[in-house]
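Visitor: Residue 85 in the working numbering sits at position 38 of the sequence shown, with consecutive numbering throughout.
If you're looking for bench data, these hints aren't it; they were derived computationally from the structure.
For clarity, every value in this text was computed on a predicted model and none was experimentally measured.
In this text, a Cβ means the ideal position worked out from N, Cα and C, and glycines have one as well.
Check before you lean on any hint, since a few could be wrong.
[Said to hold, decoys possible] Derived Cβ-Cβ restraints for the label pairs, each shown as a range:
1) 142 x 84: 36 to 44 angstroms
2) 148 x 127: 19 to 27 angstroms
3) 85 x 58: 20 to 28 angstroms
4) 79 x 127: 15 to 23 angstroms
5) 108 x 82: 38 to 46 angstroms
6) 148 x 111: 14 to 22 angstroms
7) 81 x 108: 32 to 40 angstroms
8) 85 x 121: 16 to 24 angstroms
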Amino acid sequence: MDTLNADGTWDRLGSIALLLHQAANQVWSDADRATSDSPLHDLGLGVYLAHSQASSLLPDDYELPDVDEDAELEERTPLQLLTEAEELTRPLPLHRPDLVHGSQLVVDLCDLIREARGLGY
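Construct the complete structure from the given sequences, taking the supplied hints into account.
Guide: What follows is the structure, given as structure tokens:
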């Protein structure tokens, strides 16, 4: 058995990807209602790229849950979703060779949280 799977690492990363997917959709929905030069477009892109980073750390055969099935996520703000995603990274074994790029995800999440706070989320 894969030790990362046994300790819940893949499920944790899957949850992070799910949270980031929802946050990106919410930010881009807000950006669609804003002006074309709104910084929300940049934040939406950053969150989407972080979602891609988290997804790329998962094994190819990992099945992400369907985001439409979790209506609870829609009730949270993008800042809450980003903060929860960052909190889920804390116990990840980022020293492992297959998760070495996870440290960049953590840094990016912290930057996105700061940016979201600055934009009033």
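Visitor: Which of the stated hints cannot be reconciled with the structure, identified by number in ascending sequence?
Guide: The structure conflicts with hint 3 only, although it agrees with all the remaining ones.
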